[in-house]
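Visitor: Sequence:
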Amino acid sequence: MASPVRSRLSLAMERTGKWVFSKDIPTDVVVVVCEASFSLHKFMLLAKSNYIRKLIFESKEPDLPRIDLSGIPGGPEIFVKAAKFCYGVNFEITVQNVAALRCAAEYLQMTDMYCDNNLAGRTEDFFAQVALSSLSGAITVLKSCEDLLPLAEDVKIVQRCVDAISLKACNEANFPSRAPPNWWTEELSILDIEFIGRILSGMRKRGAKALALASALITYTERNLRDLVRDHSGRCTESSISDDSGMYARERELLQSIVSLLPSEKAALPINFLCCLLRTAIFVKASNSCKNELEKRISVILEHVTVDDLLVMSFTYNGEKLYDLDSIRRIISGFMEKEKNMAVFSGGDFKETCSAAMHRVAKTVDSYLGEIATYPELTISKFNGIATLVWKGARKVNDDLYRAIDIYLKAHPNLDEIEREKVCSVMDPLKLSYEARLHASQNKRLPVQVVLHTLYYDQLKLRSGADDQPDAPATSQSQSDVSLVRENEALRSELTKMKLYISDMQKNKGSSAKSISAAAAAAATSGPRKHTFFSSMSKTLGKLNPFKHGSKDTTHIDDNIAVDITKPRRRRFSIS
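Residue numbers (our numbering): 17 to 592.
Careful: at least some of the hints might be erroneous.
Unchecked claim - With a straight-line cut-off of 30 Å between C-alpha atoms, the simulated DSS-like cross-links for lysine-lysine are:
#1 K460 <-> K398
#2 K337 <-> K379
#3 K379 <-> K447
#4 K426 <-> K398
Keep in mind that the hints were calculated from the coordinates and are not lab data.
Just need the whole structure built from these sequences, with the hints factored in.
Guide: What follows is the structure in structure tokens.
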């Protein structure tokens with residue numbers, strides 16, 4: 017079966033033959049255009065084409081039976097139309113072929129300087145009066161110029177199309193003529209990225225808003241990188257993508273060009289789109305300058321990021337493997353540096369005055385750590401590295417961070433005591449809510465030191481509450497006593513477990529073990545004492561108090577003051 021191209025060429029040759037035979041004049045030259053050959057008349061061609069006239073008269077061959085025009089823009093199909101024009105046969109000029117015909121006229125020197133009403137003049141009239149009169153027509157002509165360079169540039173077709181498109185697109189952005197309002201961005205998305213850059217530059221000079229330019233780039237990216245760029249929900253638009261980043265050389269060049277065209281206004285582009293671009297840049301191994309530019313843009317507006325946005329940049333497309341988290345760290349570091357500079361510029365202390373944006377970012381980062389904590393490739397250094405980027409003062413409470421730590425310890429059960437302490441070192445146990453402290457005091461995955469901190473803080477809060485309410489009614493006092501007894505019973509149980517654990521760790525120190533056992537036996541056999549059980553437990557915890565010599569020393573508090581504490585409602589905190 018003949019190919020469609022050969023079929024069209026055969027049809028063109030047949031029609032050309034009909035023109036010739038209708039005049040009963042034998043042909044005297046064969047014109048070769050690529051794989052096609054046309055038997056024509058020299059006098060008909062040189063009457064319109066100065067280029068062919070020069071070839072014939074400057075040839076060393078007396079008759080020149082063969083002319084090669086394989087370099088003509090548009091190939092055989094456009095030459096057929098040029099030949100028709102030479103023979104006076106009508107043909108249709110459209111927005112699809114006007115640029116090729118104009119370039120062919122320039123190549124064959126079929127201009128009005130050589131012959132009046134020549135092909136160049138005919139195409140110029142159509143180009144100016146029809147093609148450039150509408151946005152769609154100008155875009156179609158410009159699209160056809162992609163295969164006609166550099167000649168299309170030389171005859172000013174490209175620049176005139178760019179100017180017309182910039183003007184009309186700018187008008188559509190400001191005053192839409194039809195629905196949807198951004199229909200023009202879909203029209204632009206068929207063009208080459210180099211033309212897009214020139215059009216956007218022209219729109220910017222004409223006063224187009226940054227949001228309009230951003231809308232055009234977003235549409236263009238989603239159309240031309242649909243296999244790589246995720247949509248705004250974080251899902252990939254294609255069901256399967258090869259993990260071989262070397263296959264995407266064209267996409268890498270295109271992405272880098274798109275990033276170079278992003279408007280400078282920080283609020284012009286949604287942060288989820290920027291995260292998608294960075295995710296793609298990491299996958300296709302884009303240049304460092306490209307990735308750094310995206311990271312910088314994201315860090316500037318990081319307070320608007322969601323956990324899903326951060327996850328988009330962190331995982332492979334199948335969601336089974338974590339990428340290198342260096343980009344995430346650089347983004348958070350950039351945001352913290354920006355907040356520090358803003359605080360210094362405002363005359364405040366960065367560590368004392370945390371903005372609302374910083375609080376939002378801290379909460380998002382902690383939640384993000386909880387999402388990635390289950391993955392085995394997340395090492396302790398990477399986990400702590402991200403957690404410590406957020407200044408501790410930015411966390412009003414550490415509940416979200418505690419949840420992330422608990423998930424990490426549960427997903428990595430083989431960590432020893434030192435490693436678990438290292439994971440927990442990023443958390444401040446004294447900034448946990450009551451529910452979180454209650455869960456932590458019973459959490460066997462936590463190291464002993466963290467549990468002791470939470471127990472001590474609860475005891476300190478109880479005693480502080482007793483000082484704050486010295487004149488409580490008798491009924492309330494009775495209820496508080498019952499609650500206090502329950503709390504002390506739970507506390508005594510926990511301390512007993514701690515003592516047994518410490519005894520096992522220090523079994524090689526016989527004297528210490530004996531003194532601990534003696535103290536336990538004495539406590540069990542002793543009779544009634546003057547001090548209350550509450551006072552005894554407080555003094556025991558006082559020995560473990562890490563703040564004994566600091567501002568939180570509680571040794572001055574009177575143990576005999578009545579306590580009125582209502583036990584708050586307990587709620588489940590962890591996912592365990």
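Visitor: Out of the numbered hints, which ones does the structure contradict?
Guide: Checked against the structure, no hint fails, so every one of them is satisfied.
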